[in-house]
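Colleague: Whole structure, please, built from the sequences with the hints as guidance.
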Amino acid sequence: MERPESGISVNLPKTKCGTSSSQEEIQKGNATSSKLKRSRRTLSSRKIVEKHCLAEESSVKQSKDADYESDLKHQISEDCIMSLIKENKASLSLNDLNELPLIAAEKYGDPNLLLNLLNHGASLNEKDTLGQSPITVASYYGKSEILKALEGRRTLVDEVNTRDNSLKTPLMHAAANDHPDVVVLLHNMGADVNKKDRCEQTALTHAAIQGSDRCVEALIKLKAEAHTVDYCGNTPLIWAARENHSRVVVALDPALDQPAYWSHRGEYHMSALQWAVYLGHRAVEDTIKQW
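Take 11 as the starting number for the sequence shown in this note's numbering and just add one per residue.
Careful: at least some of the hints might be erroneous.
[Said to hold, decoys possible] Distance ranges between label pairs, derived from CB positions:
{"#": "1", "residue 1": "131", "residue 2": "231", "range": "36 to 42 Å"}
{"#": "2", "residue 1": "131", "residue 2": "273", "range": "23 to 29 Å"}
{"#": "3", "residue 1": "198", "residue 2": "300", "range": "34 to 40 Å"}
{"#": "4", "residue 1": "300", "residue 2": "175", "range": "38 to 44 Å"}
{"#": "5", "residue 1": "296", "residue 2": "165", "range": "43 to 49 Å"}
{"#": "6", "residue 1": "130", "residue 2": "269", "range": "55 to 61 Å"}
{"#": "7", "residue 1": "268", "residue 2": "191", "range": "26 to 32 Å"}
{"#": "8", "residue 1": "279", "residue 2": "131", "range": "52 to 58 Å"}
{"#": "9", "residue 1": "233", "residue 2": "299", "range": "24 to 30 Å"}
Just so you know, the hints here were simulated from the structure itself, not pulled from any lab data.
We treat Cβ as the ideally placed atom computed from N, Cα and C, and that holds for glycine.
Modeller: Take a look at the structure:
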């Protein structure tokens, strides 16, 4: 199959969807912002758990680079948390109880703890300040054990398709963070592989942007649309070319069986090949040409 040639030599202004470099800066900024928001989240239930289940806060050994949360994971037991709930000696409110599954999913990744919490009346629909539920958090961090425990519990179609504040679904977070096993699990639980976020990007688009060829392959097998167009007119192929992900281009190829998919022009009326040439991504350029 012939691929379109480039023949482009222009000076582009900053693109509204981000050039390769600006997109990276945006992603890093979003990641930093997300981390700050998470660290600033004040959950009364977490404070209660730390107070009653951490023998001595001063015993947690920390260096400047140590992750305090990972230290807590090893020092707070499921038995202690369940004891707090059963005896209610910490005067846990309903809001406190509902917040605990978020902690279980994000900090401990313990499916037994999460199931016990749900059996004692905790909600699976509670969201944090980012609008993310326990299922979203587990998907983001790739905690497949959490999802496997929930998979056979009951129908969770609504929960696995719930959107956070950026309108991203758990599947999008799993795909963007290179968790192909979680992608398959979420699909089995009823996740819609073609849902779009506020930028009209699907899970497959996020996987292509981040260079997760494994997630791209998994999503294509699950019948995700490979030639989907986002708010800026870009396709997963164009994003793969812009972000210099030749393996993603290879993964996309079986699903792009029409010449129009390869010659499609998105932002600035540029095709995937033209972006690869313009940005000097020789490996991607060669990959597109040989296919």
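Colleague: Now look at each hint and say whether the structure bears it out.
Modeller: Right, here's what the structure says about each hint:
1. Taking the beta carbon of each, residue 131 and residue 231 are about 38 Å apart, inside 36 to 42 Å as hinted.
2. The beta-carbon spacing between residue 131 and residue 273, approximately 56 Å, falls outside the hinted interval of 23 to 29 Å.
3. Taking the beta carbon of each, residue 198 and residue 300 are about 35 Å apart, inside 34 to 40 Å as hinted.
4. One distance hint, 38 to 44 Å for the beta-carbon pair residue 300 and residue 175, holds here, with the actual separation near 42 Å.
5. Checking the proposed 43 to 49 Å range against residue 296 and residue 165 shows it holds: the Cβ atoms sit about 47 Å from each other.
6. The hinted window of 55 to 61 Å between residue 130 and residue 269 holds, with their beta carbons roughly 58 Å apart.
7. Look at residue 268 against residue 191: about 31 Å separates their beta carbons, and that is inside 26 to 32 Å.
8. Under the hint 52 to 58 Å, the C-beta atoms of residue 279 and residue 131, about 56 Å apart, fit the expected range.
9. Evaluation of the 24 to 30 Å hint for residue 233 and residue 299 yields a pass: the beta carbon distance comes to about 28 Å.
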